[in-house]
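I would like the entire structure built from these sequences, with the hints used as guidance.
One-letter residues, chain by chain:
Protein chains: 6
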Amino acid sequence: MTDTEGHMDPSRPQDRARRVIFGSQHDRILERLQGLDPALAAHIQDFAYDTVYEQSALDLKTQELIACALLVSLGSPPELRTHLRGALNAGATEQEVRGALMMCVPYLGFPRAVAGFEALKSHLDAQETKKG
Amino acid sequence: MTDTEGHMDPSRPQDRARRVIFGSQHDRILERLQGLDPALAAHIQDFAYDTVYEQSALDLKTQELIACALLVSLGSPPELRTHLRGALNAGATEQEVRGALMMCVPYLGFPRAVAGFEALKSHLDAQETKKG
Amino acid sequence: MTDTEGHMDPSRPQDRARRVIFGSQHDRILERLQGLDPALAAHIQDFAYDTVYEQSALDLKTQELIACALLVSLGSPPELRTHLRGALNAGATEQEVRGALMMCVPYLGFPRAVAGFEALKSHLDAQETKKG
Amino acid sequence: MTDTEGHMDPSRPQDRARRVIFGSQHDRILERLQGLDPALAAHIQDFAYDTVYEQSALDLKTQELIACALLVSLGSPPELRTHLRGALNAGATEQEVRGALMMCVPYLGFPRAVAGFEALKSHLDAQETKKG
Amino acid sequence: MTDTEGHMDPSRPQDRARRVIFGSQHDRILERLQGLDPALAAHIQDFAYDTVYEQSALDLKTQELIACALLVSLGSPPELRTHLRGALNAGATEQEVRGALMMCVPYLGFPRAVAGFEALKSHLDAQETKKG
Amino acid sequence: MTDTEGHMDPSRPQDRARRVIFGSQHDRILERLQGLDPALAAHIQDFAYDTVYEQSALDLKTQELIACALLVSLGSPPELRTHLRGALNAGATEQEVRGALMMCVPYLGFPRAVAGFEALKSHLDAQETKKG
Chain E
1 MTDTEGHMDP
11 SRPQDRARRV
21 IFGSQHDRIL
31 ERLQGLDPAL
41 AAHIQDFAYD
51 TVYEQSALDL
61 KTQELIACAL
71 LVSLGSPPEL
81 RTHLRGALNA
91 GATEQEVRGA
101 LMMCVPYLGF
111 PRAVAGFEAL
121 KSHLDAQETK
131 KG
Chain A
1 MTDTEGHMDP
11 SRPQDRARRV
21 IFGSQHDRIL
31 ERLQGLDPAL
41 AAHIQDFAYD
51 TVYEQSALDL
61 KTQELIACAL
71 LVSLGSPPEL
81 RTHLRGALNA
91 GATEQEVRGA
101 LMMCVPYLGF
111 PRAVAGFEAL
121 KSHLDAQETK
131 KG
Chain C
1 MTDTEGHMDP
11 SRPQDRARRV
21 IFGSQHDRIL
31 ERLQGLDPAL
41 AAHIQDFAYD
51 TVYEQSALDL
61 KTQELIACAL
71 LVSLGSPPEL
81 RTHLRGALNA
91 GATEQEVRGA
101 LMMCVPYLGF
111 PRAVAGFEAL
121 KSHLDAQETK
131 KG
Chain U
1 MTDTEGHMDP
11 SRPQDRARRV
21 IFGSQHDRIL
31 ERLQGLDPAL
41 AAHIQDFAYD
51 TVYEQSALDL
61 KTQELIACAL
71 LVSLGSPPEL
81 RTHLRGALNA
91 GATEQEVRGA
101 LMMCVPYLGF
111 PRAVAGFEAL
121 KSHLDAQETK
131 KG
Chain L
1 MTDTEGHMDP
11 SRPQDRARRV
21 IFGSQHDRIL
31 ERLQGLDPAL
41 AAHIQDFAYD
51 TVYEQSALDL
61 KTQELIACAL
71 LVSLGSPPEL
81 RTHLRGALNA
91 GATEQEVRGA
101 LMMCVPYLGF
111 PRAVAGFEAL
121 KSHLDAQETK
131 KG
Chain S
1 MTDTEGHMDP
11 SRPQDRARRV
21 IFGSQHDRIL
31 ERLQGLDPAL
41 AAHIQDFAYD
51 TVYEQSALDL
61 KTQELIACAL
71 LVSLGSPPEL
81 RTHLRGALNA
91 GATEQEVRGA
101 LMMCVPYLGF
111 PRAVAGFEAL
121 KSHLDAQETK
131 KG
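Chains as they are written, first to last, in the numbering used here: chain E, 1 to 132; chain A, 1 to 132; chain C, 1 to 132; chain U, 1 to 132; chain L, 1 to 132; chain S, 1 to 132.
The hints are simulated quantities; they were obtained by calculation from the structure and are not laboratory data.
Since the list gives no way to pick out one identical chain from another, each pair is judged satisfied if it fits inside one copy or across any two copies.
For lysine to aspartate or glutamate, the following DMTMM-like pairs were computed, each having C-alpha atoms within a straight-line distance of at most 20 Å:
hint : residue 1 : residue 2
1    : Lys121    : Glu31
2    : Lys121    : Glu94
3    : Lys121    : Glu96
4    : Lys61     : Glu94
5    : Lys61     : Asp15
6    : Lys130    : Glu118
7    : Lys61     : Glu96
8    : Lys130    : Glu94
9    : Lys131    : Glu94
Shown next as C-alpha cells:
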C-alpha cells in the first residue's frame with residue numbers, strides 16, 4: 001500500500017519524514033526498536049513513518065508539533081524527546097515548540113504540561129553541554 | 001496578568017483567538033459556559049483563550065490543529081467539534097484537519113482516531129445540510 | 001475480611017456509606033448492577049462500598065468529593081451523577097461540590113472539568129424540575 | 001510488507017481475522033469507515049487487521065478477549081461492541097467474555113468495568129430481541 | 001480578575017494556598033518552574049494557585065486531598081509528592097492522606113493506587129531520615 | 001465472601017493464581033505491599049487475587065495476557081514486569097506474550113506498546129544474566 005503512494009513523487013522519497021525526524025539518531029533508534037521486537041520495528045518504520053507521516057496534507061513541522069502534544073497527553077514517555085528534537089529538526093523554533101507544549105495546559109492541565117517542559121529542558125541542557 | 005501582555009500590540013486585540021475560533025457561535029458558547037459555572041466561564045475566557053492562546057509563538061491554525069489532536073486524546077468530547085470548526089475558521093483546509101486527526105493513529109491507536117473522524121464527519125454533514 | 005472491621009462499632013453499620021450515597025436510589029442501583037453481572041454487583045457492594053468506603057479515616061463527605069474528582073478524571077461517566085448526589089447526600093453544599101469539580105481544572109484541564117460541570121447542571125436541573 | 005507474510009500459508013488467507021471478527025457486519029463496518037476517511041479505512045484493514053492480527057502467536061479468541069479489555073481501558077467506545085461480538089464469533093463463551101471484562105476491575109477500577117458490562121448487556125439484549 | 005477577589009479580604013492574602021502547600025520548598029519550587037518556562041511558572045502561580053485554589057468553597061486540606069487523588073489518576077507524577085506534603089501541611093493526618101489514596105482503588109484500580117502509596121512511603125521515609 | 005467460594009473446591013486452593021503469578025517472588029511482593037499500607041496489601045491479596053482472579057471462567061494464562069495488556073494501557077508501571085513474569089509462569093510462551101503486547105499497537109498506539117516491549121526486554125535480559 002505504501003509503495004505506490006510513496007513512489008509517485010520521486011523527489012519525495014518515502015522515508016523523508018523518518019530521516020528528518022530521527023536525524024543523526026536514525027540508525028541508533030531503528031536498532032533499539034529492532035532489539036525490542038523486529039515486527040514492532042517494522043510496523044513503526046513501514047506504517048507509522050513511511051505511510052502515515054508521508055501521506056499527509058500537513059508539513060512535517062506541524063506534524064511534529066502535534067506529535068509532541070500527543071506525547072505529552074501520554075505522560076511524556078521517552079519518545080517525547082525524539083519528537084521535540086524532530087520538531088526542531090523539521091524547522092520549528094524553540095518558541096514554537098514551547099507553544100505546542102503550552103497548548104497542553106488548557107487541554108490536559110498543568111502536571112502533564114510540566115512534564116513536557118521538563119523533557120524540553122533536559123533536551124536543551126544536553127545540547128548546551130555538547131556545544132559547551 | 002494578561003492585560004499588560006495583551007495591550008502591548010493594539011492591532012492584536014486580546015480576544016482575537018476566541019473570536020476567530022468560536023466564530024458565529026461565540027455568544028452562544030460563552031452563555032452555555034456561564035450557565036454551567038460563572039467562575040469556570042471566566043477561567044476559560046480569561047485564562048485559556050485570552051492568555052494562553054494569545055501569548056503564543058504559534059499561529060492560530062497550528063494551535064487549533066494541536067487542540068483537535070489533544071481533544072482526540074481525551075476521547076473526543078463535544079469540545080472537539082468546536083475546535084474542528086475553529087481550525088477551519090483559522091484557515092486550515094479539510095485535508096489539514098484530516099492530517100491532524102490521522103496523527104492520532106500512530107500515537108493513540110485507532111479507536112481514539114475513529115472517534116475524531118466521526119466528529120469531523122458529523123460537523124461536515126451538518127454544514128452540508130445547512131447549505132443544501 | 002470486612003466482617004471483623006465492620007462489626008467493631010455496632011453503631012456504624014457496615015453499609016452506611018452505601019445507604020447514604022445511594023439514598024432513595026439504593027435498590028434501583030443495586031438491581032441495575034445485578035442485571036449487568038451478579039459478581040460485579042457483589043464486588044461493588046462488598047468490596048468498594050462495605051470495605052473500602054467503610055474502613056477510612058475520611059468522613060463520607062470528603063470521600064464523595066474525592067470520588068467526584070476521580071470520576072471527572074475518567075471522563076465523567078454516568079457514575080458521576082450518582083456521586084454528585086452522593087456528595088450532597090453526605091452533607092456537601094453545592095458550592096463545595098463546585099469546588100471539587102473546579103480542582104479538576106488545573107490538574108486535568110478544561111474539557112474534563114466542563115464535562116463534570118455539565119453532569120452537575122443536569123443533576124440540578126432534574127432536581128429543579130421535580131420540585132417545580 | 002503484509003503480503004509476503006500473509007501468503008506464506010495459503011490455507012490461512014490474510015483477511016481471516018477481519019472476516020471472523022466482523023462476521024455478518026463486515027461490509028457495513030468497512031463502508032462506515034470508508035465514509036469517515038478512505039485512508040483511515042485502509043489503515044484499519046491493511047495494517048490493524050490484515051497485518052497485526054494475522055501475524056500473531058495468539059489465537060483469535062485470545063486476541064479478541066485482549067481487544068475487549070483494551071477497549072474498556074479507553075472508556076468503552078462503540079468499537080467495544082464490535083469486539084465483544086468478535087470474541088464470541090471467535091469462539092469465546094459468554095462467561096469467558098465476562099472474565100475478560102472482570103479483569104478490568106482490579107487494573108482499571110469499577111467505573112471502566114461497569115461501562116464494559118453495560119456494552120455487553122446491550123449486545124446480549126439486542127441478540128435476544130432478534131431471536132425473540 | 002484575581003486581584004479584586006483576593007484583595008476583598010485583607011486577612012486572607014492571595015498567596016496563602018501556595019505558601020501553605022509549598023511550605024519550606026516555596027522558593028525552590030517556583031525557581032524550578034521558572035527554569036522550565038517563565039510563562040508556565042506565571043500561569044501556575046497566578047492562575048492555578050492564586051486564582052483557582054483561592055476562590056474555593058473548600059478548605060485547603062480538602063483541596064489538597066483531592067489534588068492527591070487527581071495526581072494519582074495521572075500516574076503519580078513528581079507533583080504528587082508536593083501535594084502529599086501539601087495535604088499534611090494543610091492539616092491532614094497521615095491516615096487521612098492514606099484515605100485519599102485508598103479512594104483511588106475502586107475508581108482507578110490497584111496499579112494507580114500502588115504508585116500513590118509508593119510516593120507516600122518515599123515521602124515519609126525521607127522525613128524519617130531527616131529527623132533520625 | 002471469598003471464603004465460602006474458595007473453599008468449595010478443596011483441590012483448587014484460593015491462593016493458586018497468586019502463588020503461580022508471583023512464583024518465587026511471592027513473599028517479597030507481599031512484604032513490599034505490606035510496607036506500603038497494610039489495608040492495601042490485604043485488598044490486593046483478598047480481593048484482586050483470591051477473589052477476582054479465582055472466580056473466573058478464564059484460565060490463568062489468558063488472565064495474565066490480559067493483565068499485561070491492561071498494564072500497558074496504564075503506561076507500563078512496574079507491575080507490568082510482575083505480570084509478564086506471571087504470564088510466562090502461567091504457561092505462556094515468549095511469542096504469546098509478544099502477541100499480547102502487539103495487540104496494544106492498534107488499540108493504544110506505538111508509544112504505549114514500545115514501553116511494554118521495553119519492560120519485556122528488561123525482564124528477558126535479567127533472566128539471561130541470571131542464567132549466564
